[in-house]
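Participant: Sequence:
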Amino acid sequence: MNTPLCDFLDRYAASHTLRLHMPGHKGQGDSSDITEIAGMDSLYDGTGIIAQSEENAGTLFGAHTLYSAEGSSLCIRAMLYLLCCHAGRPARVLAGRNAHKAFLTAAALLDIDVKWLYPTQAPTYLACPVDPDGLEAAINDGETPDAVYLTSPDYLGNTVNIAALAEVCHRHGVLLLVDNAHGAYLKFLPHSRHPMDAGADLCCDSAHKTLPVLTGGAYLHLSPRLPDRLHQQAKEAMALFGSTSPSFLILRSLDAVNRTLSEEYPARLKEFIRVLDEGKNALRHHGFILTGDEPLKVSIVSKPYGYTGEQMADYLRKNRIEPEFADPDHLVLMLTPENGAHSVQRLVQVLTTLPRRTPLTDTPPCPVPGQQVMTPRQALFAPSQTLPATQCVGRILAAATVGCPPAVPIVVSGERITTQAVEAFSYYRIANCRVILE
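As numbered in the working numbering, the sequence shown has no gaps in its residue numbers, which increase by one up to the final residue, 438.
Source of the hints: derived by calculation from the structure; they are not laboratory data. Among the hints, erroneous ones may be present.
[Claimed, not checked] No more than 25 Å apart at the CA atoms, straight line, and that leaves these computed lysine to any residue pairs for SDA-like:
| id | residue 1 | residue 2 |
| --- | --- | --- |
| 1 | Lys270 | Lys318 |
| 2 | Lys26 | Leu214 |
| 3 | Lys235 | Gly39 |
| 4 | Lys235 | Lys26 |
| 5 | Lys280 | Lys318 |
| 6 | Lys115 | His64 |
[Stated by the list, open to error] Distance ranges between label pairs, derived from CB positions:
| id | residue 1 | residue 2 | range |
| --- | --- | --- | --- |
| 7 | Glu236 | Glu143 | 24 to 34 Å |
| 8 | Gly39 | Ala407 | 18 to 28 Å |
| 9 | Arg429 | Ala137 | 29 to 39 Å |
| 10 | Arg268 | Val350 | 21 to 31 Å |
| 11 | Glu322 | Thr352 | 15 to 25 Å |
| 12 | Gly403 | Ala137 | 31 to 41 Å |
| 13 | Ile321 | Ala407 | 40 to 50 Å |
Predicted model only: the values in this text are computed from it and were never measured. Backbone N, C-alpha and C define an ideal beta-carbon position, used for all residues, glycine too.
Make a model of the complete structure from these sequences and hints.
Facilitator: Pasting the structure below:
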(Lines of atoms letter the chains of each structure in order from A and count residues from 1; the text may use other names and numbers.)
(Lines give C-alpha, C1' and ligand atoms only; values in the text may rest on other atoms or scores of the structure.)
Protein backbone atom coordinates (compact mmCIF):
# COMPACT_ATOMS: atom_id res chain seq x y z
CA MET A 1 0.00 0.00 0.00
CA ASN A 2 1.38 3.43 -0.90
CA THR A 3 2.09 6.19 1.64
CA PRO A 4 1.50 9.52 -0.16
CA LEU A 5 1.95 11.73 2.92
CA CYS A 6 5.22 10.11 3.94
CA ASP A 7 6.54 10.31 0.38
CA PHE A 8 5.72 14.01 0.05
CA LEU A 9 7.31 14.87 3.39
CA ASP A 10 10.46 12.93 2.54
CA ARG A 11 10.76 14.72 -0.80
CA TYR A 12 10.23 18.10 0.82
CA ALA A 13 12.89 17.45 3.46
CA ALA A 14 15.36 16.35 0.77
CA SER A 15 14.69 19.44 -1.36
CA HIS A 16 16.31 21.84 1.15
CA THR A 17 13.62 24.41 0.33
CA LEU A 18 13.88 27.74 2.18
CA ARG A 19 10.98 27.51 4.62
CA LEU A 20 9.33 30.92 4.78
CA HIS A 21 6.17 29.42 6.26
CA MET A 22 5.04 28.03 9.59
CA PRO A 23 6.10 26.45 11.93
CA GLY A 24 8.72 28.63 13.54
CA HIS A 25 11.37 25.96 13.98
CA LYS A 26 11.78 25.90 10.16
CA GLY A 27 12.43 22.19 10.06
CA GLN A 28 15.34 22.28 12.50
CA GLY A 29 13.50 20.08 15.00
CA ASP A 30 11.69 17.64 12.74
CA SER A 31 11.63 18.19 9.00
CA SER A 32 8.25 16.44 8.72
CA ASP A 33 6.54 18.99 10.96
CA ILE A 34 5.13 21.38 8.38
CA THR A 35 1.92 23.20 7.52
CA GLU A 36 -0.43 23.22 4.52
CA ILE A 37 2.13 24.19 1.88
CA ALA A 38 1.65 23.77 -1.87
CA GLY A 39 1.25 20.10 -2.73
CA MET A 40 0.57 18.98 0.83
CA ASP A 41 -3.26 19.09 0.95
CA SER A 42 -5.54 20.23 3.78
CA LEU A 43 -6.96 17.86 6.36
CA TYR A 44 -10.52 19.14 6.36
CA ASP A 45 -11.16 20.14 2.75
CA GLY A 46 -8.45 18.45 0.74
CA THR A 47 -8.71 16.34 -2.36
CA GLY A 48 -5.03 15.47 -2.70
CA ILE A 49 -2.59 13.28 -0.83
CA ILE A 50 -4.39 13.36 2.54
CA ALA A 51 -7.57 12.26 0.83
CA GLN A 52 -5.62 9.50 -0.89
CA SER A 53 -4.19 8.35 2.43
CA GLU A 54 -7.62 8.36 4.07
CA GLU A 55 -8.93 6.26 1.18
CA ASN A 56 -6.16 3.77 1.92
CA ALA A 57 -7.26 3.62 5.55
CA GLY A 58 -10.89 3.24 4.48
CA THR A 59 -9.92 0.30 2.29
CA LEU A 60 -8.32 -1.37 5.30
CA PHE A 61 -11.29 -0.75 7.60
CA GLY A 62 -14.06 -1.24 5.04
CA ALA A 63 -15.58 2.15 5.82
CA HIS A 64 -15.54 5.81 4.93
CA THR A 65 -12.59 6.72 7.14
CA LEU A 66 -11.32 10.16 8.14
CA TYR A 67 -8.19 11.10 10.08
CA SER A 68 -8.08 12.99 13.36
CA ALA A 69 -4.92 14.53 14.77
CA GLU A 70 -6.78 15.28 18.01
CA GLY A 71 -7.68 11.82 19.19
CA SER A 72 -11.08 10.18 19.46
CA SER A 73 -12.39 13.20 21.38
CA LEU A 74 -12.63 15.12 18.10
CA CYS A 75 -14.25 12.12 16.42
CA ILE A 76 -16.86 11.82 19.19
CA ARG A 77 -17.87 15.45 18.74
CA ALA A 78 -18.09 14.98 14.99
CA MET A 79 -20.16 11.79 15.38
CA LEU A 80 -22.70 13.56 17.56
CA TYR A 81 -22.87 16.56 15.24
CA LEU A 82 -23.52 14.26 12.27
CA LEU A 83 -26.23 12.56 14.31
CA CYS A 84 -27.91 15.93 14.85
CA CYS A 85 -27.64 16.62 11.12
CA HIS A 86 -29.24 13.25 10.46
CA ALA A 87 -32.09 13.99 12.88
CA GLY A 88 -32.51 17.59 11.72
CA ARG A 89 -32.50 18.84 15.33
CA PRO A 90 -30.64 18.27 18.62
CA ALA A 91 -30.64 14.50 18.84
CA ARG A 92 -31.96 12.09 21.45
CA VAL A 93 -29.33 9.56 22.51
CA LEU A 94 -29.50 6.49 24.70
CA ALA A 95 -25.95 6.18 26.07
CA GLY A 96 -24.04 3.71 28.22
CA ARG A 97 -23.26 5.37 31.52
CA ASN A 98 -19.53 4.61 31.25
CA ALA A 99 -19.12 7.12 28.41
CA HIS A 100 -15.96 9.23 28.19
CA LYS A 101 -16.31 12.84 29.30
CA ALA A 102 -15.78 13.92 25.68
CA PHE A 103 -19.25 12.52 24.99
CA LEU A 104 -20.73 14.53 27.84
CA THR A 105 -19.16 17.84 26.78
CA ALA A 106 -20.15 17.24 23.15
CA ALA A 107 -23.73 16.50 24.23
CA ALA A 108 -23.75 19.77 26.16
CA LEU A 109 -22.37 21.81 23.26
CA LEU A 110 -24.93 20.30 20.86
CA ASP A 111 -27.83 20.35 23.37
CA ILE A 112 -28.33 16.62 22.95
CA ASP A 113 -30.98 14.94 25.10
CA VAL A 114 -29.18 12.06 26.83
CA LYS A 115 -30.92 9.15 28.51
CA TRP A 116 -28.52 6.91 30.36
CA LEU A 117 -28.23 3.15 30.18
CA TYR A 118 -27.29 1.78 33.60
CA PRO A 119 -25.98 -1.75 34.01
CA THR A 120 -28.11 -4.18 35.98
CA GLN A 121 -24.95 -5.55 37.53
CA ALA A 122 -21.53 -3.92 37.40
CA PRO A 123 -18.80 -3.95 40.04
CA THR A 124 -17.45 -0.59 38.85
CA TYR A 125 -18.63 2.60 37.20
CA LEU A 126 -16.13 1.92 34.40
CA ALA A 127 -18.23 -0.97 33.08
CA CYS A 128 -21.67 -0.92 31.51
CA PRO A 129 -22.64 -4.35 30.18
CA VAL A 130 -25.64 -4.13 27.84
CA ASP A 131 -27.56 -7.09 26.43
CA PRO A 132 -30.07 -7.10 23.55
CA ASP A 133 -33.13 -7.58 25.77
CA GLY A 134 -32.10 -4.73 28.04
CA LEU A 135 -31.43 -2.47 25.09
CA GLU A 136 -34.78 -3.38 23.52
CA ALA A 137 -36.57 -2.46 26.75
CA ALA A 138 -34.69 0.83 27.03
CA ILE A 139 -35.48 1.83 23.45
CA ASN A 140 -39.18 1.05 24.02
CA ASP A 141 -39.26 3.00 27.29
CA GLY A 142 -40.44 6.42 26.16
CA GLU A 143 -39.66 8.37 23.01
CA THR A 144 -37.52 6.42 20.54
CA PRO A 145 -33.94 7.71 20.53
CA ASP A 146 -32.15 8.75 17.37
CA ALA A 147 -29.11 6.71 18.36
CA VAL A 148 -27.59 4.38 20.90
CA TYR A 149 -24.06 5.25 22.03
CA LEU A 150 -21.85 2.56 23.55
CA THR A 151 -18.26 2.30 24.74
CA SER A 152 -16.66 -0.97 23.69
CA PRO A 153 -14.03 -1.96 24.70
CA ASP A 154 -14.26 -0.09 28.00
CA TYR A 155 -11.23 0.93 30.03
CA LEU A 156 -11.03 -2.49 31.72
CA GLY A 157 -11.17 -4.38 28.43
CA ASN A 158 -14.80 -5.48 28.54
CA THR A 159 -16.63 -5.64 25.21
CA VAL A 160 -20.31 -5.90 24.35
CA ASN A 161 -21.99 -7.90 21.59
CA ILE A 162 -22.05 -5.15 18.96
CA ALA A 163 -23.63 -7.38 16.30
CA ALA A 164 -26.61 -8.33 18.47
CA LEU A 165 -27.07 -4.77 19.73
CA ALA A 166 -26.81 -3.35 16.21
CA GLU A 167 -29.58 -5.69 15.11
CA VAL A 168 -31.83 -4.31 17.87
CA CYS A 169 -31.01 -0.71 16.94
CA HIS A 170 -31.61 -1.16 13.24
CA ARG A 171 -34.89 -2.98 13.81
CA HIS A 172 -36.11 0.20 15.52
CA GLY A 173 -34.60 2.57 12.95
CA VAL A 174 -32.00 3.74 15.48
CA LEU A 175 -28.34 4.39 14.63
CA LEU A 176 -25.57 2.73 16.63
CA LEU A 177 -22.55 4.85 17.55
CA VAL A 178 -19.54 3.16 19.16
CA ASP A 179 -16.60 4.61 21.05
CA ASN A 180 -14.00 2.02 20.02
CA ALA A 181 -11.08 4.17 21.16
CA HIS A 182 -9.31 1.19 22.69
CA GLY A 183 -9.98 -1.24 19.85
CA ALA A 184 -8.55 -0.07 16.53
CA TYR A 185 -6.53 -3.30 16.31
CA LEU A 186 -9.66 -5.47 16.56
CA LYS A 187 -10.06 -5.16 12.79
CA PHE A 188 -6.82 -7.08 12.26
CA LEU A 189 -7.55 -10.16 14.34
CA PRO A 190 -7.89 -13.42 12.39
CA HIS A 191 -11.65 -12.82 12.68
CA SER A 192 -12.41 -9.12 12.90
CA ARG A 193 -14.11 -7.92 16.08
CA HIS A 194 -14.23 -4.31 14.91
CA PRO A 195 -17.56 -2.48 15.48
CA MET A 196 -17.84 -1.47 11.81
CA ASP A 197 -17.81 -5.14 10.80
CA ALA A 198 -20.42 -5.91 13.46
CA GLY A 199 -22.96 -3.34 12.29
CA ALA A 200 -22.05 0.01 13.86
CA ASP A 201 -23.09 3.08 11.87
CA LEU A 202 -20.49 5.51 13.23
CA CYS A 203 -17.38 4.64 15.17
CA CYS A 204 -14.20 6.24 16.45
CA ASP A 205 -10.84 4.52 16.96
CA SER A 206 -7.89 5.99 18.82
CA ALA A 207 -5.22 4.58 16.52
CA HIS A 208 -2.51 5.77 18.91
CA LYS A 209 -3.79 3.66 21.80
CA THR A 210 -3.12 0.26 20.24
CA LEU A 211 -1.45 0.79 16.84
CA PRO A 212 2.07 2.16 16.13
CA VAL A 213 0.79 5.73 15.66
CA LEU A 214 1.75 8.97 17.41
CA THR A 215 -0.40 10.22 20.28
CA GLY A 216 -3.48 12.00 18.93
CA GLY A 217 -3.82 9.90 15.79
CA ALA A 218 -7.38 8.62 15.45
CA TYR A 219 -10.05 7.57 12.95
CA LEU A 220 -13.68 8.46 12.38
CA HIS A 221 -15.47 5.68 10.50
CA LEU A 222 -18.81 6.04 8.71
CA SER A 223 -20.75 3.05 7.46
CA PRO A 224 -21.56 2.88 3.74
CA ARG A 225 -25.18 2.40 4.88
CA LEU A 226 -25.42 6.02 6.01
CA PRO A 227 -26.98 8.60 3.66
CA ASP A 228 -24.57 10.21 1.20
CA ARG A 229 -25.22 13.64 2.68
CA LEU A 230 -23.69 12.53 6.00
CA HIS A 231 -20.58 11.29 4.19
CA GLN A 232 -20.40 14.66 2.46
CA GLN A 233 -20.78 16.52 5.78
CA ALA A 234 -18.22 14.44 7.67
CA LYS A 235 -15.26 16.71 6.91
CA GLU A 236 -17.31 19.75 7.92
CA ALA A 237 -18.17 18.00 11.17
CA MET A 238 -14.49 17.41 11.92
CA ALA A 239 -13.57 20.98 10.96
CA LEU A 240 -16.29 22.40 13.22
CA PHE A 241 -14.48 21.14 16.31
CA GLY A 242 -10.92 20.56 15.10
CA SER A 243 -7.87 22.78 15.02
CA THR A 244 -6.99 24.52 11.76
CA SER A 245 -3.37 23.55 12.50
CA PRO A 246 -3.33 19.75 12.72
CA SER A 247 -0.02 18.05 13.42
CA PHE A 248 1.52 16.67 10.26
CA LEU A 249 3.74 14.47 12.39
CA ILE A 250 0.58 12.71 13.58
CA LEU A 251 -0.86 12.60 10.07
CA ARG A 252 2.38 11.11 8.77
CA SER A 253 2.18 8.34 11.36
CA LEU A 254 -1.41 7.57 10.32
CA ASP A 255 -0.28 7.39 6.71
CA ALA A 256 2.70 5.19 7.52
CA VAL A 257 0.67 2.70 9.53
CA ASN A 258 -1.51 1.93 6.50
CA ARG A 259 1.39 0.09 4.93
CA THR A 260 2.15 -1.71 8.19
CA LEU A 261 -1.47 -2.81 8.60
CA SER A 262 -1.69 -4.01 5.01
CA GLU A 263 1.44 -6.13 5.27
CA GLU A 264 2.92 -7.92 8.27
CA TYR A 265 0.86 -6.52 11.15
CA PRO A 266 -1.99 -9.11 11.28
CA ALA A 267 0.50 -11.98 11.53
CA ARG A 268 2.53 -10.18 14.22
CA LEU A 269 -0.66 -9.39 16.13
CA LYS A 270 -1.81 -13.00 16.04
CA GLU A 271 1.51 -14.29 17.32
CA PHE A 272 1.79 -11.65 20.04
CA ILE A 273 -1.71 -12.42 21.32
CA ARG A 274 -0.71 -16.07 21.55
CA VAL A 275 2.29 -15.11 23.68
CA LEU A 276 0.23 -12.72 25.79
CA ASP A 277 -2.44 -15.36 26.37
CA GLU A 278 0.29 -17.63 27.74
CA GLY A 279 1.36 -14.81 30.04
CA LYS A 280 -2.22 -14.27 31.22
CA ASN A 281 -2.59 -17.97 31.94
CA ALA A 282 0.63 -17.89 33.96
CA LEU A 283 -0.73 -15.02 36.04
CA ARG A 284 -4.02 -16.85 36.61
CA HIS A 285 -2.13 -19.99 37.64
CA HIS A 286 -0.26 -17.86 40.18
CA GLY A 287 -3.52 -16.65 41.71
CA PHE A 288 -4.22 -13.39 39.93
CA ILE A 289 -7.80 -12.71 38.84
CA LEU A 290 -8.11 -11.10 35.42
CA THR A 291 -11.15 -9.39 33.96
CA GLY A 292 -12.19 -8.29 30.48
CA ASP A 293 -12.07 -10.07 27.13
CA GLU A 294 -10.05 -7.61 25.06
CA PRO A 295 -6.97 -9.50 23.77
CA LEU A 296 -4.31 -6.81 24.29
CA LYS A 297 -5.29 -5.72 27.82
CA VAL A 298 -4.20 -7.29 31.07
CA SER A 299 -6.72 -6.07 33.66
CA ILE A 300 -6.15 -7.43 37.16
CA VAL A 301 -8.76 -7.38 39.92
CA SER A 302 -6.28 -6.56 42.65
CA LYS A 303 -7.97 -6.92 46.04
CA PRO A 304 -8.32 -10.74 46.04
CA TYR A 305 -4.51 -10.79 45.84
CA GLY A 306 -4.27 -8.52 48.87
CA TYR A 307 -3.52 -5.15 47.27
CA THR A 308 -5.24 -2.14 45.84
CA GLY A 309 -4.64 -1.46 42.19
CA GLU A 310 -2.57 1.58 43.15
CA GLN A 311 -0.33 -0.55 45.36
CA MET A 312 0.25 -3.01 42.53
CA ALA A 313 1.04 -0.09 40.23
CA ASP A 314 3.60 1.24 42.70
CA TYR A 315 5.25 -2.19 42.85
CA LEU A 316 5.54 -2.27 39.06
CA ARG A 317 7.01 1.23 38.97
CA LYS A 318 9.69 0.18 41.46
CA ASN A 319 10.58 -2.46 38.89
CA ARG A 320 10.61 0.08 36.02
CA ILE A 321 7.26 -0.96 34.56
CA GLU A 322 4.72 1.80 34.02
CA PRO A 323 1.07 0.69 33.92
CA GLU A 324 -1.73 2.33 31.96
CA PHE A 325 -4.12 2.84 34.87
CA ALA A 326 -4.82 1.87 38.45
CA ASP A 327 -7.63 2.54 40.89
CA PRO A 328 -8.52 0.96 44.24
CA ASP A 329 -9.78 -2.23 42.55
CA HIS A 330 -7.96 -2.66 39.24
CA LEU A 331 -4.58 -2.58 37.57
CA VAL A 332 -4.76 -2.06 33.81
CA LEU A 333 -1.85 -2.87 31.50
CA MET A 334 -1.96 -2.24 27.75
CA LEU A 335 0.38 -4.20 25.52
CA THR A 336 0.84 -4.35 21.75
CA PRO A 337 3.06 -6.31 19.36
CA GLU A 338 5.53 -3.43 19.64
CA ASN A 339 6.25 -4.58 23.23
CA GLY A 340 7.49 -7.97 22.06
CA ALA A 341 7.48 -11.32 23.81
CA HIS A 342 10.27 -10.30 26.19
CA SER A 343 8.01 -7.62 27.71
CA VAL A 344 5.36 -10.22 28.49
CA GLN A 345 7.97 -12.43 30.14
CA ARG A 346 9.29 -9.51 32.20
CA LEU A 347 5.80 -8.48 33.32
CA VAL A 348 4.94 -12.01 34.44
CA GLN A 349 8.27 -12.38 36.22
CA VAL A 350 7.81 -9.15 38.18
CA LEU A 351 4.17 -9.71 39.09
CA THR A 352 4.76 -13.26 40.27
CA THR A 353 7.43 -12.01 42.71
CA LEU A 354 4.80 -9.87 44.45
CA PRO A 355 4.00 -11.67 47.72
CA ARG A 356 0.38 -12.72 48.00
CA ARG A 357 -1.42 -11.27 51.01
CA THR A 358 -4.73 -11.63 52.79
CA PRO A 359 -7.47 -10.48 50.44
CA LEU A 360 -8.90 -7.01 50.91
CA THR A 361 -12.63 -7.20 51.46
CA ASP A 362 -13.90 -3.65 51.02
CA THR A 363 -15.97 -3.19 47.88
CA PRO A 364 -16.48 -0.24 45.56
CA PRO A 365 -19.71 1.75 45.73
CA CYS A 366 -22.33 0.58 43.26
CA PRO A 367 -23.22 3.00 40.47
CA VAL A 368 -26.52 4.70 41.38
CA PRO A 369 -28.75 6.46 38.83
CA GLY A 370 -28.53 10.19 39.31
CA GLN A 371 -31.37 12.71 39.52
CA GLN A 372 -31.18 14.86 36.39
CA VAL A 373 -32.50 18.33 37.24
CA MET A 374 -30.92 20.29 34.38
CA THR A 375 -29.73 19.41 30.88
CA PRO A 376 -25.98 18.96 30.45
CA ARG A 377 -25.93 22.14 28.36
CA GLN A 378 -27.74 24.23 31.00
CA ALA A 379 -25.43 22.95 33.71
CA LEU A 380 -22.20 23.36 31.77
CA PHE A 381 -22.90 27.01 30.95
CA ALA A 382 -24.35 28.01 34.33
CA PRO A 383 -22.30 30.12 36.79
CA SER A 384 -20.38 27.70 38.95
CA GLN A 385 -17.81 27.31 41.70
CA THR A 386 -15.40 24.64 42.90
CA LEU A 387 -16.01 23.16 46.34
CA PRO A 388 -14.64 20.24 48.34
CA ALA A 389 -16.62 17.16 47.36
CA THR A 390 -17.65 16.62 50.98
CA GLN A 391 -19.59 19.91 50.84
CA CYS A 392 -21.49 19.09 47.66
CA VAL A 393 -24.34 16.85 48.81
CA GLY A 394 -27.52 18.23 47.29
CA ARG A 395 -25.71 20.53 44.87
CA ILE A 396 -25.97 20.29 41.07
CA LEU A 397 -22.84 19.29 39.16
CA ALA A 398 -21.76 21.85 36.58
CA ALA A 399 -18.70 20.33 34.88
CA ALA A 400 -17.54 16.75 35.15
CA THR A 401 -13.94 17.53 36.05
CA VAL A 402 -12.53 14.02 36.02
CA GLY A 403 -9.00 13.10 35.10
CA CYS A 404 -7.87 11.05 32.15
CA PRO A 405 -7.45 8.16 32.56
CA PRO A 406 -10.16 7.01 32.92
CA ALA A 407 -12.19 10.19 32.11
CA VAL A 408 -15.50 8.55 32.98
CA PRO A 409 -17.73 10.81 35.13
CA ILE A 410 -19.29 9.37 38.28
CA VAL A 411 -21.88 12.16 38.21
CA VAL A 412 -22.75 13.99 34.99
CA SER A 413 -23.45 17.66 34.41
CA GLY A 414 -26.93 18.64 35.53
CA GLU A 415 -27.34 15.86 38.11
CA ARG A 416 -27.87 16.45 41.81
CA ILE A 417 -24.99 15.12 43.90
CA THR A 418 -26.16 12.52 46.40
CA THR A 419 -24.60 11.14 49.56
CA GLN A 420 -23.79 7.97 47.62
CA ALA A 421 -22.03 10.03 44.95
CA VAL A 422 -19.88 11.78 47.55
CA GLU A 423 -18.96 8.39 49.00
CA ALA A 424 -17.91 7.34 45.50
CA PHE A 425 -15.86 10.54 45.10
CA SER A 426 -14.04 9.71 48.33
CA TYR A 427 -13.45 6.10 47.28
CA TYR A 428 -11.97 7.15 43.95
CA ARG A 429 -9.90 10.01 45.43
CA ILE A 430 -11.91 12.85 43.86
CA ALA A 431 -11.41 15.81 46.18
CA ASN A 432 -13.29 18.67 44.50
CA CYS A 433 -16.39 19.25 42.38
CA ARG A 434 -17.52 22.13 40.20
CA VAL A 435 -21.11 22.87 41.15
CA ILE A 436 -23.70 25.43 40.09
CA LEU A 437 -23.85 28.58 42.17
CA GLU A 438 -26.84 28.82 44.47
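Participant: Could you run down the list of hints and mark each one as holding or not?
Facilitator: Each hint, compared with the structure:
no.	hint	in the structure
1	Lys270 to Lys318	violated, 31 Å
2	Lys26 to Leu214	holds, 21 Å
3	Lys235 to Gly39	holds, 19 Å
4	Lys235 to Lys26	violated, 29 Å
5	Lys280 to Lys318	holds, 21 Å
6	Lys115 to His64	violated, 28 Å
7	Glu236 to Glu143: 24 to 34 Å	holds, 28 Å
8	Gly39 to Ala407: 18 to 28 Å	violated, 38 Å
9	Arg429 to Ala137: 29 to 39 Å	holds, 35 Å
10	Arg268 to Val350: 21 to 31 Å	holds, 24 Å
11	Glu322 to Thr352: 15 to 25 Å	holds, 19 Å
12	Gly403 to Ala137: 31 to 41 Å	holds, 34 Å
13	Ile321 to Ala407: 40 to 50 Å	violated, 23 Å
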